[in-house]
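K.L.:
Take a look at the letters that make up each chain.
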Amino acid sequence: MATEAAPMDEKAKRMRDLLSSFYTPDPSISTPTSSISTSFDNINGPSFDADQYMDLMIKKSNLDVLLQRHVQMAAEIKNLDTDLQMLVYENYNKFISATDTIKRMKSNIFGMEGNMDQLLHKIMSVQSRSDGVNTSLFEKREHIEKLHRTRNLLRKVQFIYDLPARLQKCIKSEAYGDAVRFYTGAMPILKVYGDTSFKDCRRASEEAIETIIKNLQTKLFSDSESIQARAEAAVLLKQLDVPVDSLKDKLLEKLEQSLDGLQINPDEASKLAEHNVSSKDEESNNQGPAKIHEDAVRGFSEAMRAYREIFPDSEERLFKLARALTTTHFENMELYIRKRVSAADFLGIFRIIWEDVVLMDEVLPEAALSDLSAEAAQVTLKQFVARTFSHLQQDISDTLLKFDINQKEVVDGEVLKVVLEASGKAEFRQLLDENTGIFVKMNDLLIGWIQKGFQDFFRSLESHFLVLSGKTSSSNETEGLVEGKSSEKIHAGLILVLAQLSVVIEQKVIPRIAEEITASFSGGNSQAFIPGELCRVFHAASEKLLQHYIDTRTQKISNVLRKRFKTPNWVKHKEPREVHMYVDMLLQQLEEVGKEVKQILPQGTFRKHKRSDSNGSNTTTSSRSTTLHSDKMARSNSQRARSQLFETHLAKLFKQKVEIFTKVEFTQESVVTTTVKLCLKSLQEYVRLQTFNRSGFQQIQLDIQFLKAPLKETVEDEAAIDFLLDEVIVAASERCLDVTPLEPPILDKLIQAKLAKSKEHNNNNNKTTVSS
Amino acid sequence: AQARMQGGSSGIGYGLKYQARCISDVKADTDYTSFLAGTLSLKEENEVHLLRLSSGGSELICEGLFSHPNEIWDLASCPFDQRIFSTVFSTGESFGAAIWQIPELYGQLNSPQLERVASLDAHVGKINCVLWWPSGRCDKLISMDEQNIFLWSLDCSNKSAEVLSKDSAGMLHSLSGGAWDPHDVNAVAATGESSVQFWDLRTMKYGISVDLLCSQKVNSIERAHVRGVDYNPKREHILITAEDESGIHVWDLRKAKAPVQELPGHTHWTWAVKCNPEYDGLILSAGTDSAVNLWYASASSTNNKAPESPVESTRERVNLLLNSYTDYEDSVYGLAWSSREPWVFASLSYDGRVVIESVKPFLPRL
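One line per chain: the protein sequences are L and Z, in this order. Counting in this note's numbering, the first sequence runs from 1 upward without gaps. Counting in this note's numbering, the second sequence runs from 1 upward without gaps.
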């Protein structure tokens with residue numbers, strides 16, 4: 001189809017071109033396109049040369065083509081002929097109809113001239129009449145316009161004259177918006193004519209406006225008005241060119257002043273906390289201080305919300321205010337927890353603060369109050385944890401010091417353990433269980449602090465123990481807790497309590513706390529609580545303290561012994577007539593040790609050995625005393641001494657070396673035994689420093705013989721006691737110029753006399769215990 | 001020569017015939033490491049032994065054996081003449097002090113007698129010790145009894161001693177020993193029952209004595225008896241004391257309110273303490289628990305008393321004890337560092353056994 005249509009179009013186009021060229025005299029213009037494609041073979045072109053074309057055709061083409069071309073051209077020519085005829089015909093038709101039309105027009109136009117003239121005439125007369133009317137009405141119109149203007153002016157004047165009354169009306173109906181609109185409308189006139197024609201009027205309206213301003217201000221300041229009303233008032237005031245900034249300042253100042261009332265007074269905080277805690281019966285006690293506080297803060301934040309809307313540019317100051325309140329809250333909190341505060345109270349206050357912060361944060365989210373308070377809360381909480389620990393330590397030290405005052409009271413390690421656990425665990429658990437927003441965030445931190453707190457607490461407790469015991473000198477002591485204590489005598493029992501307490505802490509408390517920590521305070525990545533280390537610390541402390549106790553005790557006994565050995569002139573001693581009284585003091589001291597030890601330390605496990613051992617040691621004693629006896633027989637002084645020394649050395653060689661200085665254990669027996677051993681060793685050393693005559697030696701012999709029985713009663717390791725008592729005798733004999741032991745009957749007699757005397761003494765003082 | 005090696009123990013032993021308390025380093029002997037030891041026997045003839053450590057350090061040789069009239073309670077070798085020494089002795093009823101000279105050619109004599117240079121016979125009561133001028137050649141001596149302190153001028157050539165000055169500590173105090181400050185020859189420390197008193201020799205004639213520690217003791221319980229005292233020869237103002245039950249304390253005399261350091265001491269009494277003459281911080285103590293302990297009280301830890309962490313301090317405390325020599329049969333009273341070989345010390349237990357040890361294996365750093 002397309003291939004068929006194209007030659008058809010081509011053909012039609014060519015036709016049209018040809019026809020148009022026929023009508024238009026200038027071919028170059030009419031057919032610009034064809035002229036472009038002018039060539040020799042363009043049969044339609046203007047510069048077509050038939051001869052040339054023929055030559056070309058003949059030269060180029062063969063006969064067939066030429067014949068074909070001839071046929072084609074003949075057809076074309078015929079076609080063109082037909083077309084031409086058609087065109088001529090059509091054109092002729094048109095020409096004829098055109099001639100007809102012209103003929104008709106000629107007949108129609110005739111007579112039109114006259115009508116036109118008529119029209120013109122009529123228009124002219126209309127115009128002249130209109131001019132007449134115009135001129136005749138002009139004056140009147142001018143007058144009307146003038147009147148109109150006057151009327152407008154009068155209306156305005158009327159408005160201004162009415163202004164005061166209108167304003168008053170507005171005041172009455174509190175339609176301040178209208179009033180302001182009226183007033184500002186009248187302002188330009190009043191400004192111009194205010195000093196002349198409308199003087200009174202202006203004054204009256206200004207007065208009215210002043211009342212309005214006043215009313216608006218009161219409205220603005222009044223808290224009972226709705227925010228919208230107040231905001232409107234502010235806007236109106238602004239429109240009245242009242243300096244709003246000063247108003248704003250005044251308002252904010254007022255707000256600032258109200259901050260004081262919102263503060264949590266550290267002194268009354270516990271009341272506040274109490275009420276907050278007991279909020280279960282809030283219904284009954286609706287007017288509690290906590291409630292009042294909450295309302296106040298609510299009011300405050302509402303005011304802030306209002307001001308924020310009223311004065312959008314006051315944000316910064318409001319932020320400042322809110323922050324100030326938050327900061328003072330935490331500052332007061334800090335003051336509050338300086339005193340002793342329970343976790344519940346602490347949390348109570350904390351909750352109040354947090355609520356306040358939330359309230360304010362709602363109004364001013366941009367003030368970043370939660371960040372601020374989170375920071376402050378961290379500090380406070382940390383402090384609280386630290387303080388709780390220090391209070392805990394204070395408690396313990398108080399309890400311990402009380403012991404000192406009332407020494408009969410049994411202070412059991414268990415009691416303190418309970419204290420430790422109760423206050424420690426419960427308090428902190430409460431902290432951790434608290435789900436006030438901020439606490440949740442700080443859980444990890446809190447765990448860390450608690451762990452570290454426990455760690456530090458135990459460490460400082462250890463050093464505190466050492467200070468309490470007097471083991472560490474308090475010169476480098478800054479705590480001041482024991483300032484008054486150090487000058488007084490530290491009760492030896494206290495040291496023992498501390499030692500035992502250290503054991504309890506090491507073996508029970510720390511593992512328990514460790515359990516608690518893994519159960520409740522684990523998580524987070526802090527591992528500040530290291531039970532192993534603390535156990536080591538307290539283990540060392542317990543040993544140190546126990547040693548210190550023994551040192552303290554033996555030191556006391558040493559003093560008794562030193563006095564005993566310093567006072568007499570041993571070289572000129574008189575015959576022994578009775579057991580010396582220092583023996584009583586010694587035994588009394590040991591008795592005290594026994595008592596303390598029984599109160600505080602657990603029993604050992606090796607009691608069973610006692611019976612079987614006593615026989616063996618008795619034989620040792622007897623053999624040794626026979627040695628001394630045989631010595632007595634010898635006449636020659638030097639020979640005797642020499643043989644005695646030899647024997648002593650020999651005995652030492654063959655006798656298995658008695659372990660005098662064994663490790664002290666945390667049992668009643670071990671401590672008593674160690675103390676007695678050390679005392680006997682001291683006795684030996686004191687003896688070695690003296691020189692005795694015969695009587696001096698005999699006195700020592702007598703005293704030691706007397707000591708034998710009661711010491712063996714108190715001490716487990718009888719063999720060691722025997723050995724040490726013998727050593728004293730040996731030492732005395734070595735330091736004696738004339739060793740002549742007392743005869744056993746005399747010895748016995750004197751001892752019996754002493755026993756009888758002390759029995760009598762005991763009977764006499766049955767009720768009163770000997771005190772020294 | 002009675003030297004013998006002890007099986008199992010590093011020490012070199014030597015047995016005196018009788019019980020003994022005193023041993024002294026012969027400081028003036030620059031050729032040999034030698035010690036003087038004196039016996040304590042009421043009834044026998046007492047002896048002074050001059051002992052020399054063989055050059056290899058493996059043997060202890062008795063270089064001289066001298067009889068001494070009485071039992072010896074204190075013995076100190078003269079710092080500038082190796083043949084001169086002092087003793088404090090007792091007959092059992094009375095005390096005396098004398099300066100002795102070892103006779104020349106004593107090796108050739110059968111029973112050499114000590115020459116008595118001078119008797120310090122101004123005392124009445126129980127004499128405690130004789131102190132030699134701490135350094136250099138000086139003829140000054142100090143002797144102390146329980147109440148009095150005497151400053152002597154010794155004239156060896158004329159064999160006489162003259163009292164230069166004297167002061168009394170008063171009846172309330174009972175002096176038990178002392179030490180002469182090597183940094184300040186005018187200062188002498190004297191141990192009392194429970195205090196250390198400081199004497200200024202220049203003003204002594206005016207009778208001024210300083211009682212520093214007594215009233216300011218911190219521990220509430222009566223201070224234990226101070227047994228021994230020694231100045232640190234390497235550091236001024238540092239003094240160490242040995243106390244019966246409370247162990248060893250290191251004091252800085254400029255702040256004498258509290259000790260700067262405390263060492264646990266011994267299981268029973270700590271009898272004697274000696275600062276090493278060469279290595280600062282090395283302290284030797286002897287105790288009645290039949291042991292000699294070697295301590296290291298380092299300067300740094302002396303300066304910083306309060307350790308940050310208790311764990312550190314316990315570790316420190318453990319480390320302070322470098323070694324404990326326990327191979328003794330009886331209480332050890334005699335203790336002396338060798339000034340010639342400062343890593344060597346001599347100890348003397350009551351049973352008369354001298355043990356020489358080298359601390360070299362235990363030194364923290366050398």
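In short, the hints are calculated from the structure, not lab data. Quick caveat, the model's predicted, so the values are computed rather than measured. Any given hint might turn out to be false.
Unchecked claim - Calculated cross-link-like contacts (lysine-lysine; reagent style BS3-like; alpha-carbon spacing at most 27 Å):
1) L/94 - L/106
2) Z/126 - Z/43
3) L/172 - L/238
4) Z/126 - L/566
5) Z/159 - Z/126
6) Z/126 - L/572
7) L/219 - L/254
8) L/563 - Z/126
9) L/749 - L/574
10) Z/166 - Z/126
11) L/754 - L/556
12) L/556 - Z/257
13) L/556 - Z/234
14) Z/234 - Z/257
15) L/572 - Z/43
16) Z/166 - L/566
17) L/106 - L/156
18) L/566 - Z/43
19) L/708 - L/598
20) L/749 - L/595
21) L/320 - L/574
22) L/106 - L/60
23) L/169 - L/219
24) L/219 - L/172
25) L/146 - L/169
26) L/238 - L/339
27) Z/126 - L/574
28) L/291 - L/254
29) L/248 - L/238
30) L/574 - Z/43
K.L.:
Given the hinted pair residue 556 of chain L and residue 257 of chain Z, is their Cα-Cα distance within 27 Å?
P.N.:
23 Å, holds
K.L.:
Is the straight-line distance between the alpha-carbon of residue 749 of chain L and that of residue 574 of chain L 27 Å or less?
P.N.:
18 Å, holds
K.L.:
Within a Cα-Cα threshold of 27 Å, do residue 106 of chain L and residue 156 of chain L meet the stated pairing?
P.N.:
70 Å, violated
K.L.:
Between residue 238 of chain L and residue 339 of chain L, does the CA-CA distance stay at or below 27 Å?
P.N.:
51 Å, violated
K.L.:
CA of residue 146 of chain L to CA of residue 169 of chain L, is that 27 Å or under?
P.N.:
33 Å, violated
K.L.:
Between residue 754 of chain L and residue 556 of chain L, is the straight-line Cα distance small enough, at 27 Å or below?
P.N.:
Holds - the C-alpha atoms of residue 556 of chain L and residue 754 of chain L are around 24 Å apart, at most 27 Å.
K.L.:
Verify the proposed pairing of residue 234 of chain Z with residue 257 of chain Z, using a straight-line Cα cut of 27 Å.
P.N.:
Holds, at roughly 22 Å.
K.L.:
Given the hinted pair residue 708 of chain L and residue 598 of chain L, is their alpha-carbon gap at most 27 Å?
P.N.:
22 Å, holds
K.L.:
Check whether the Cα positions of residue 126 of chain Z and residue 566 of chain L lie no farther apart than 27 Å.
P.N.:
12 Å, holds
K.L.:
Assess, step by step, whether the Cα of residue 749 of chain L is no farther than 27 Å from the Cα of residue 595 of chain L, and give holds or violated.
P.N.:
31 Å, violated
K.L.:
Would the pair residue 566 of chain L and residue 43 of chain Z pass a check requiring their Cα atoms to be no farther apart than 27 Å?
P.N.:
Answer holds: residue 566 of chain L to residue 43 of chain Z is near 23 Å, not above 27 Å.
K.L.:
If you draw a straight line from the CA of residue 166 of chain Z to the CA of residue 566 of chain L, is it 27 Å or shorter?
P.N.:
24 Å, holds
Hint compliance for this structure: hints 13, 17, 20, 21, 22, 25, 26 are not met, and every other hint is.
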